[in-house]
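Per the UniProt record's numbering, the very first residue in the sequence shown carries number 1; after that it's consecutive.
Careful, some of the hints might be misleading.
[To be verified] Derived CB-CB ranges, DEER-like:
| no. | residue 1 | residue 2 | range |
| --- | --- | --- | --- |
| 1 | Gly151 | Asn17 | 20 to 26 angstroms |
| 2 | Asp33 | Asn114 | 27 to 33 angstroms |
| 3 | Asp173 | Glu117 | 16 to 22 angstroms |
| 4 | Val113 | His136 | 16 to 22 angstroms |
| 5 | Glu20 | Val129 | 17 to 23 angstroms |
[Unchecked claim] Simulated crosslink set (DSS-like; lysine-lysine; CA at most 30 angstroms straight-line):
| no. | residue 1 | residue 2 |
| --- | --- | --- |
| 6 | Lys3 | Lys57 |
| 7 | Lys55 | Lys98 |
| 8 | Lys57 | Lys123 |
| 9 | Lys98 | Lys123 |
| 10 | Lys3 | Lys128 |
| 11 | Lys55 | Lys174 |
| 12 | Lys174 | Lys3 |
| 13 | Lys174 | Lys98 |
| 14 | Lys128 | Lys57 |
These are computed hints drawn from the structure, not numbers from a lab. Just so it is clear, CB atoms sit at the ideal spot from N, CA and C, and this is done for glycine as well.
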Amino acid sequence: MTKLNMDLVCQVAVMVNDLEEGLADFRELMGIDENAVSYSDSRDAYAEGRLTEVKYKGIEGVYHYHQYNFYMGGMDIELFAPLPGYEEESNVVTDFLKENGGPGIHHLNIRMVNREEGIDYLKNDLGKVPLYDLYHLGRHCAYYDLREELGMIIEYGMRVVGPRASMTEDEIDKLIRYRED
């Protein structure tokens with residue numbers, strides 16, 4: 001059996017009903033790096049060509065959501081919510097909120113050392129197809145629903161994101177190295 005060689009969690013994504021309220025809650029309860037807050041609307045991302053070839057459950061389409069990204073505790077946090085007026089659209093955000101009964105952690109973005117081999121294993125050996133599959137800024141991102149196996153959805157992007165993106169490979173190696181006794 002091929003192992004999914006995951007070595008670095010880069011990001012945690014949280015789905016909320018209301019984006020502004022969600023960000024306010026994080027600010028109040030957890031504190032965030034205000035200098036790292038960025039906003040994105042999927043309509044703009046499509047129009048500007050930042051978001052392309054988007055498939056949800058295998059169906060290519062245009063899906064509506066908005067998000068904040070910010071840093072907290074050395075981690076990149078993605079906070080997603082349905083765009084007002086699109087709450088009834090079936091997409092990765094709205095369906096999660098309905099299935100989950102409200103807000104919650106949606107996925108972890110994990111760097112996979114053997115990305116192509118791992119994706120082939122998921123597809124060919126486990127019969128998995130991406131729950132959500134897209135290109136963002138020309139880079140492929142694939143989200144696999146491993147809730148049955150691991151209790152979570154995993155995003156396999158093509159790069160390290162967030163504060164960890166500035167780390168050298170030596171720093172990452174020290175962070176992920178297992179302790180030997």
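Hint-by-hint comparison with the structure:
no. : hint                                : result
1   : Gly151 - Asn17: 20 to 26 angstroms  : holds, 22 angstroms
2   : Asp33 - Asn114: 27 to 33 angstroms  : holds, 32 angstroms
3   : Asp173 - Glu117: 16 to 22 angstroms : holds, 20 angstroms
4   : Val113 - His136: 16 to 22 angstroms : holds, 21 angstroms
5   : Glu20 - Val129: 17 to 23 angstroms  : violated, 34 angstroms
6   : Lys3 - Lys57                        : holds, 24 angstroms
7   : Lys55 - Lys98                       : holds, 19 angstroms
8   : Lys57 - Lys123                      : holds, 14 angstroms
9   : Lys98 - Lys123                      : holds, 27 angstroms
10  : Lys3 - Lys128                       : holds, 15 angstroms
11  : Lys55 - Lys174                      : violated, 36 angstroms
12  : Lys174 - Lys3                       : holds, 21 angstroms
13  : Lys174 - Lys98                      : violated, 40 angstroms
14  : Lys128 - Lys57                      : holds, 11 angstroms
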